[in-house]
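Student: Listed below are the residues making up each chain.
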Amino acid sequence: MKSLGSIRRSFAPWADPASKPFISVKNVTKRFGDFTAVDDLSLDIYTREFFALLGASGCGKSTLLRMLAGFEQPTSGEIILDGQSLAGIPPYRRPVNMMFQSYALFPHMTVENNIAFGLKQDGMPKADIAARVAQMLKLVKLEKFSQRKPHQLSGGQRQRVALARSLAKRPKVLLLDEPLGALDKKLREETQFELMDLQQELGLTFVVVTHDQEEAMTMADRIAVMSHGKVIQVATPAEIYEAPNSRFVADFIGDVNIFEGAVGGADGGYVRLEGTNGFPIRMASPERPATGGKSAVAVRPEKIRVSRQPPAHAPVNAVQGEIWDIGYLGDMTVFHVRLKDGRVIKASSLNAVRAVEDPLGYDQEVWISFGEDAGVVLKD
Amino acid sequence: MGTWSRFNIASIVLGFGFLYLPIVLLVIFSFNESKLVTVWAGFSTKWYTQLWHNQALLDAAWVTIRVALISATCATVLGTLAALALVRYTRFRGRMLFSGMVYAPLVMPEVITGLSLLLLFVAIGLDRGFWTITLAHITFTMCFVAVVVQSRLLSFDQSIEEAALDLGATPVRTFFAITLPVIAPAVFSGWVLAFTLSLDDLVISSFTTGPGATTLPMKIYSQVRLGVTPEINAICTILIGIVAIGVVVASIVTKQREAQRERDERAAFAQS
Chain A
4 MKSLGSIRRS
14 FAPWADPASK
24 PFISVKNVTK
34 RFGDFTAVDD
44 LSLDIYTREF
54 FALLGASGCG
64 KSTLLRMLAG
74 FEQPTSGEII
84 LDGQSLAGIP
94 PYRRPVNMMF
104 QSYALFPHMT
114 VENNIAFGLK
124 QDGMPKADIA
134 ARVAQMLKLV
144 KLEKFSQRKP
154 HQLSGGQRQR
164 VALARSLAKR
174 PKVLLLDEPL
184 GALDKKLREE
194 TQFELMDLQQ
204 ELGLTFVVVT
214 HDQEEAMTMA
224 DRIAVMSHGK
234 VIQVATPAEI
244 YEAPNSRFVA
254 DFIGDVNIFE
264 GAVGGADGGY
274 VRLEGTNGFP
284 IRMASPERPA
294 TGGKSAVAVR
304 PEKIRVSRQP
314 PAHAPVNAVQ
324 GEIWDIGYLG
334 DMTVFHVRLK
344 DGRVIKASSL
354 NAVRAVEDPL
364 GYDQEVWISF
374 GEDAGVVLKD
Chain B
843 MGTWSRFNIA
853 SIVLGFGFLY
863 LPIVLLVIFS
873 FNESKLVTVW
883 AGFSTKWYTQ
893 LWHNQALLDA
903 AWVTIRVALI
913 SATCATVLGT
923 LAALALVRYT
933 RFRGRMLFSG
943 MVYAPLVMPE
953 VITGLSLLLL
963 FVAIGLDRGF
973 WTITLAHITF
983 TMCFVAVVVQ
993 SRLLSFDQSI
1003 EEAALDLGAT
1013 PVRTFFAITL
1023 PVIAPAVFSG
1033 WVLAFTLSLD
1043 DLVISSFTTG
1053 PGATTLPMKI
1063 YSQVRLGVTP
1073 EINAICTILI
1083 GIVAIGVVVA
1093 SIVTKQREAQ
1103 RERDERAAFA
1113 QS
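Chains as they are written, first to last, in the working numbering: chain A, 4 to 383; chain B, 843 to 1114.
Only chain B is shown next, with the shape it has when bound in the complex (with noise of 0.2 angstroms):
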């Protein structure tokens, strides 16, 4: 263990100073009971209880889980499809193209994603709303779950798929009951953030959106414009909320597990 000298002690203050100092403030803020939101006037829970009485901002929390649950999914399919097909068929004529292909939207402008959406759904004549913010969505998050289905397969066994065909199962039943499964963690990975990605996306959103669709984020962008109430505090502190509790669970079982593998292995070879 190396030593807590001054300089490390002051590091780490620094980073993460830097990092969580904006959240911590929001959160406490969120707990004020003055309306100004830079003036400090008590403790408070009464713009959580608020919250629940603005039906606008209820609504769009609404839609935006909708629209993060459908797209999620679908990306989710699409993203682990093409993942499938880019690992097992290396031999094929621009297949380096393609997999740049699948890259080029993570790192593509948002504005730009948007906008070329945006074009292509008057082009086509479809009415913005709901379904255009779930379509763009499906299209910028697949590349995403792509990605993390990609790398799993990469160091997937594909032996064992042999050898589910070798004793008789079609290649669809093969997929469904040996590849599926065995792939399942990546996939549910590539799900999660394609939904954390579909939830707090703005500029896309904002983009394809039309009249009667408006997500959380473009509810509290376009208040904040309007000047911070404590009640956005509120919300976005229920929202770090439910983040934290979600990575906290994740870590712990994914922990759980390891260990529990680790005894396991331990175990079978002790007696071996």
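The shape of chain A in the complex, shown without the other chains (with noise of 0.2 angstroms):
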């Protein structure tokens, strides 16, 4: 199997085991009554990274998120931020500044006060602050707005001001909760590029939460899927997708096919696979479970071929089946093909062409195929 070193980024100061964490999160414990929002969590972010916390509502993300802010105490654990301990900071008093979900914009303020705010808690002088408030304009493209009121704004300028008023004081950590969830499609994806512009022109760490995966993928440096409390993975967009580390993280990022098999014999570096819906795998893994116990492999559905005749390979890593459905979505197409066994499997293919000559059509006997290094052999 290649390395997914190639695809990672020069950008990895994870992966140097000299390079100081800049935010460190030790075996911290939320408990809200009964209820446990993060669970004996451990994490470390570097300086001038972009991280992101992807995980469905109510794992804890967002609690993690407003102990970082200060907004809630750890009820055990410690949070370390450039060598120092927050315990006990009140948040008006931490080097880290939040961009809420609401934009929680002052209504009474106009756009000029609302990002003067922060420097003039900090007793700025008058001259600084409107320097650094005419400066933070220009960088949202909002110099015209900076009389108008929050309600006289429309949210992609709302989400701009919440932006600007939470750099203004240059911080060296930004907490950002779900900075795009209020935006339309269109303007979101947009933003996202000019967040990652920013990050990188800025230098700062920024530290996101969403529950949008195709968001942290685009934009984070590092993801940490998170679920009922724990992180379930750490690891850059490419590994999440490629090398996820359990079902639960293969499942929650992206569409995934799952095939599961008792493990067979010996095979240099590759894992047999015995009796998967009645026919055998043969993966590539760099570790391989136990000889006769249960395993499974996962397999995107890019990864899997749609063809008429069987490939050379075949029976290994291929399987009869049937077109059930063809969703079309312009730039690729997704097949659902029914197996002899009644399950149903995702594949999709890149329309590379733009007519293609006796297309694949509904109730066609297909064969479904994918490489020996397509999938992931899954730990549990």
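Please note that a few of the clues may not be correct.
As the list claims (entries may be wrong) - One side only, chain B facing chain A, incomplete, derived with CB under 8 angstroms:
1. I907
2. S997
3. D999
4. I1002
5. E1004
6. A1006
7. G1010
8. P1023
9. I1025
10. E1100
11. E1107
Don't read these hints as lab results, they were simulated from the structure.
As the structure is a prediction and not an experimental result, all values here were calculated from the model.
Glycine included, every Cβ here is placed at the ideal spot set by N, Cα and C.
Fit chain to chain and form the complex, with the hints in mind.
Tutor: Structure representation (structure tokens):
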């Protein structure tokens, strides 16, 4: 199997044992009454990193963010920022700023005064405040709107004001709580890239909370996938997608087909699974589950080929079925292929040419197949 | 639009007649030439001029206004603090009991409130007069303020306070720079409510008053017992006028602000 290192970006302080984390979350637990929102969680975030906390609602990601901001205190454990423990430090003395999901703009203040609010609290001289506000307004392209009140702005403009306000104090860390949740799809995609550019330009550490996996994949250097107050996997988007460490992560990020079976005998760097949906599987894997035990292989839909003729390696990693559903998405087509045992497999193919001669149609008998490095052998 | 059926017209005439006939009569007879209240003898404003020479009535009016101003202001501070505490700290033991206790004075018969306050003032040996009335008014109007402010705070986006804290404002600064300006309209309506309640209170004032502290409602009531004079009609008409102007101005201002806000919002979305 090829190393995923080749797709990793050059920025990777987490892979360097010599680099010190900027934020260190150490065994943090947060309970609300009987409910455990964050459960013995440990996490390291590095300077200039764009870090995403990803999970379904109620997984504890927002609670973790609020503990970083200082709105909640950990029940146990410790958070260290830049070598200093944050325990007992109130939000107004922390060198972090937050952009709120609801934007939380001050409704009775103009855009200008919203942005200047944090600077005024620091007792910055008036001239400096004016200069910084002008700079922030330029950064988010709202120069013309400085005298408006929040209710005189559109949703996208409000989002920019919230961003400018949270960046005005030049915090060491910017926390973003679902920053794009309230925008419509097109604006959201544009803003994703703007946020990334901004983070690069200012050289800040961003910690973003989101439930939108596409958003996390697009923006983040690393993603922490969370569930029930625990971190399941922390890795780059590519690793999370191509090498999920568990069935939960494989299932949570993108679409996936999971094939189960009994682990067969030794075969070099490969794992053999027998009896999976009526066909044998051979998959490259650095680790090997115990022979005779149960295991599963996760294969993404885009790595599954659909063809009329059986592939050369059949019957290994190949099985017959019939086309059950076709979803045409423009850039690609999604096939739902029904196997003999009734199981439906998802496969997708890129529509690289405009017109295909004799395209696959409903109810056709086809072969689905995948390569020996197309999937991941799951550990659980 | 519905049609004006006879039934609808009759309902409106009956309903509004029921509400406003007594007031209209009072206003009309305040301009009566005759000293006899129920006999019309031609138009005159002489009772209004006479008011200005009735020192007792003017004194009572001055006491009432002072009591109302001081008690409404104190009640607004206390009521707002109570509302903040009840809305913010949702997880303490006995919260339901405390909220209930804030509402209780709203439905408590005034006679009981008045009597209990009187007993308290006697027990602690406080000389009854201007300050006991003021204290009593603070007590009973405070819960109205608390209710008004509490309902505003329930729809208040608390994340704007967190944003202020996050940007480095201490909790005290956050309250004065963010919370108070945003809830100011509710606090102000609470104040107006407390002011009006204090202005027209008769029962509690009567229980807690002492020598030299007669409020306008008490004065009017005591004069009416000796017979209604057109002078009373005149002062009542003035009070009605003040209240009516207040209500009309307040609703026009609210309407205009809403319209302005709507225009702003439409403009913002049109260019985005």
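Student: Each hint needs a verdict: does it hold in this structure or not?
Tutor: Hints, one by one, checked against the model:
1. I907: Cβ of I907/B sits 31 angstroms from chain A, so the hint is violated.
2. S997: The hint is violated - S997/B has no Cβ within 8 angstroms of chain A, the shortest such distance being about 12 angstroms.
3. D999: For D999/B, the interface hint holds, since the closest Cβ of chain A sits about 6 angstroms away, which is under 8 angstroms.
4. I1002: holds (5 angstroms)
5. E1004: At about 6 angstroms, which falls below the 8 angstroms cut-off, the nearest Cβ of chain A leaves the hint on E1004/B intact, so it holds.
6. A1006: With a minimum Cβ separation of about 7 angstroms from chain A (threshold 8 angstroms), the hint on A1006/B holds.
7. G1010: holds (4 angstroms)
8. P1023: Holds, because the Cβ-Cβ distance from P1023/B to chain A comes to roughly 5 angstroms (cut-off 8 angstroms).
9. I1025: With Cβ-Cβ at 10 angstroms, over 8 angstroms, it is violated.
10. E1100: E1100/B check fails; min Cβ-Cβ to chain A is 11 angstroms, beyond 8 angstroms.
11. E1107: holds (6 angstroms)
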